[in-house]
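Undergrad: Below are the chains, spelled out letter by letter.
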Amino acid sequence: MKKMHTVIMIMPLFAVVMALATEEGNKADSVKNSTNRAVQLEGFTRSTQVISLDQSTEAKIASVVPRMRKVREVGETVGAPQTIEEATDFLRKHVSMAFPPAVCTEREGVFYFSGGRSASRIKDFSSGFAIVKGQRTIYSWDKVVGDAGKEGDRGSRP
Amino acid sequence: MLSNPLTTVYHTLAHLGCENAQGETTESGTVDAIYDEFTDRVVRRVSDNKQMTYWHNDQMGAIEASELLERTDANGNCQSWSGLLRDCSSVQGINADRIRVMPISIFDGSVLVKNWQFIDPPSGSGSHPYIIGTDAMPQQGIPGQGNANPPPAFNGHWIVRYDDSYYDPSYDVAKITGSDKDKAYEDSAFAGYGASFGSGARGNDVSTNTTSEVSYTVDN
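Chain order of the listed sequences is R and V. Here the numbering used here is used: the first residue of the first sequence is 257, the next is one more, and so on. Here the numbering used here is used: the first residue of the second sequence is 278, the next is one more, and so on.
A couple of the hints might just be wrong.
Stated by the list, open to error - With the C-beta cut set under 10 angstroms, the calculated list includes, among others, these residues of chain R facing chain V:
1. Thr301
2. Val321
3. Met324
4. Val327
5. Arg328
To be verified - Quick list of simulated restraints, FRET-style, between CB atoms:
6. R:Lys349 with V:Ala425: 40 to 50 angstroms
7. V:Gly306 with R:Asp310: 55 to 65 angstroms
8. R:Glu364 with V:Ser382: 17 to 27 angstroms
9. V:Ser402 with R:Gln305: 25 to 35 angstroms
What the hints assert, rightly or not - List of simulated lysine-lysine pairs, PhoX-like, C-alpha gap at most 25 angstroms:
10. V:Lys460 with V:Lys391
11. R:Lys379 with R:Lys316
12. V:Lys327 with R:Lys349
13. R:Lys326 with R:Lys379
14. R:Lys399 with R:Lys326
15. V:Lys391 with R:Lys379
16. R:Lys316 with R:Lys399
17. V:Lys327 with R:Lys326
18. R:Lys399 with R:Lys389
19. R:Lys349 with V:Lys458
20. R:Lys399 with R:Lys379
21. V:Lys460 with R:Lys399
22. R:Lys399 with R:Lys349
Hints were generated in silico from the structure; no laboratory data involved. These figures come from a predicted structure and were not determined experimentally. Heads up, the beta-carbon is just placed ideally off N, CA and C, and yes, glycines get one too.
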């Protein structure tokens with residue numbers, strides 16, 4: 257009876273460990289396939305920095321995912337972005353922006369851009385855009401869904 | 278309605294089209310009459326009578342017309358406003374296109390929407406010698422929809438093309454018509470261009486013997 261009880265106790269723990277292992281595996285694949293790297297972006301987005309996915313950024317992005325909504329679907333005549341440089345160019349060509357995103361990063365096959373939705377520099381992912389790798393759909397989120405207030409002074413360099 | 282609708286008929290789209298183009302019997306007359314509603318920069322939704330705005334509080338808001346009609350703040354960028362005029366026309370059975378306007382040269386990274394002051398002599402050098410914030414200064418801009426002073430620069434601007442004319446429903450500007458409309462629209466809208474590299478800018482070359490420095494691409 258005691259042996260049976262131990263097995264029952266161990267089973268959930270085993271399931272959790274396996275799940276975490278799978279998640280770690282996915283994350284490892286995601287990092288391995290990530291196109292995040294220190295590149296100098298050009299043109300309108302020349303000041304947009306590609307950043308690596310640290311714990312703080314991961315937490316910020318995770319918190320905005322529920323607020324994301326589809327805002328634009330681009331026709332199939334245009335190629336779908338596969339790298340963060342292509343995603344940046346895709347965003348530049350398909351969204352009219354007054355100020356470029358401050359930073360961008362790739363997380364689990366999705367390109368995230370902080371800012372670009374106002375005329376000021378937004379580095380904390382409180383508003384921004386997302387594009388799924390290999391797709392032509394653009395998602396966005398604002399500070400508060402629906403009603404976005406003034407976030408700061410206009411950036412001085414468009 | 279002039280003809281069968283070519284898009285989803287939202288109440289505001291039908292209202293703006295039918296009320297303003299009442300009695301019109303031609304496509305061009307209908308589009309012009311609908312555009313007239315936009316030129317006073319007060320356009321309201323039917324659902325809540327709320328005035329829709331362009332870059333209100335320096336916020337982008339909606340990108341598509343359907344979102345402009347739906348958002349609680351009724352705020353949107355030029356794509357949503359161009360989409361709104363295009364879709365009002367489409368509800369009347371008229372094919373109009375939303376057009377992306379962007380610099381042709383890879384050395385131009387942004388369009389500087391009127392009005393800007395370029396102070397001579399510029400402190401920089403090269404093709405974009407005016408340094409933004411130093412000797413290239415944004416001035417009070419052309420008023421936009423529900424916004425007296427929209428942001429002064431963008432990566433590009435979206436407008437509407439119908440037949441041989443450009444319409445810019447985001448701002449209070451007359452339609453541009455004719456074979457030289459690319460150059461004419463550019464000169465009417467843009468004071469200059471920001472550099473792709475660095476913080477320089479240059480004025481728009483408005484001399485008559487030059488061609489347009491921006492491209493016009495259908496982007497519905």
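Undergrad: Would you say the C-beta atoms of Ser402 of chain V and Gln305 of chain R sit inside 25 to 35 angstroms of each other?
TA: 27 angstroms, holds
Undergrad: Going straight from one Cα to the other, do Lys399 of chain R and Lys389 of chain R come out at no more than 25 angstroms?
TA: Holds. Lys399 of chain R to Lys389 of chain R sits at ~24 angstroms (cutoff 25 angstroms).
Undergrad: Under the criterion that the straight-line Cα-Cα distance not exceed 25 angstroms, is the pair Lys327 of chain V, Lys326 of chain R satisfied?
TA: Holds, at about 23 angstroms.
Undergrad: Taking the CB of Gly306 of chain V and the CB of Asp310 of chain R, does the distance hold inside 55 to 65 angstroms?
TA: 59 angstroms, holds
Undergrad: Given the hint that Lys327 of chain V pairs with Lys349 of chain R, test it: the Cα-Cα distance must not exceed 25 angstroms.
TA: Distance ~30 angstroms between Lys327 of chain V and Lys349 of chain R Cα, so the pair is violated.
Undergrad: Holds or violated: the hint that Val327 of chain R contacts chain V, with Cβ atoms closer than 10 angstroms.
TA: 5 angstroms, holds
Undergrad: Does the structure keep Lys391 of chain V and Lys379 of chain R at a Cα separation of 25 angstroms or less?
TA: The given pair, whose Cα atoms are some 28 angstroms apart, is violated under the 25 angstroms limit.
Undergrad: Does the structure keep Lys399 of chain R and Lys326 of chain R at a Cα separation of 25 angstroms or less?
TA: It holds: about 16 angstroms lies between the C-alpha atoms, which stays within 25 angstroms.
Undergrad: Is the shortest C-beta separation between Thr301 of chain R and chain V less than 10 angstroms?
TA: It holds, given that the least Cβ distance between Thr301 of chain R and chain V is near 8 angstroms, below 10 angstroms.
Undergrad: Does the nearest C-beta of chain V fall within a distance shorter than 10 angstroms of the C-beta of Arg328 of chain R?
TA: 5 angstroms, holds
Undergrad: Is 40 to 50 angstroms a correct range for the gap between the Cβ atoms of Lys349 of chain R and Ala425 of chain V?
TA: Since Lys349 of chain R and Ala425 of chain V have Cβ atoms about 29 angstroms apart, the given range 40 to 50 angstroms is violated.
Undergrad: If you draw a straight line from the CA of Lys460 of chain V to the CA of Lys391 of chain V, is it 25 angstroms or shorter?
TA: Distance of about 15 angstroms is within 25 angstroms: holds.
Checked against the numbered hints listed earlier, the structure breaks hints 2, 3, 6, 8, 12, 15 and 21; every other hint is satisfied.
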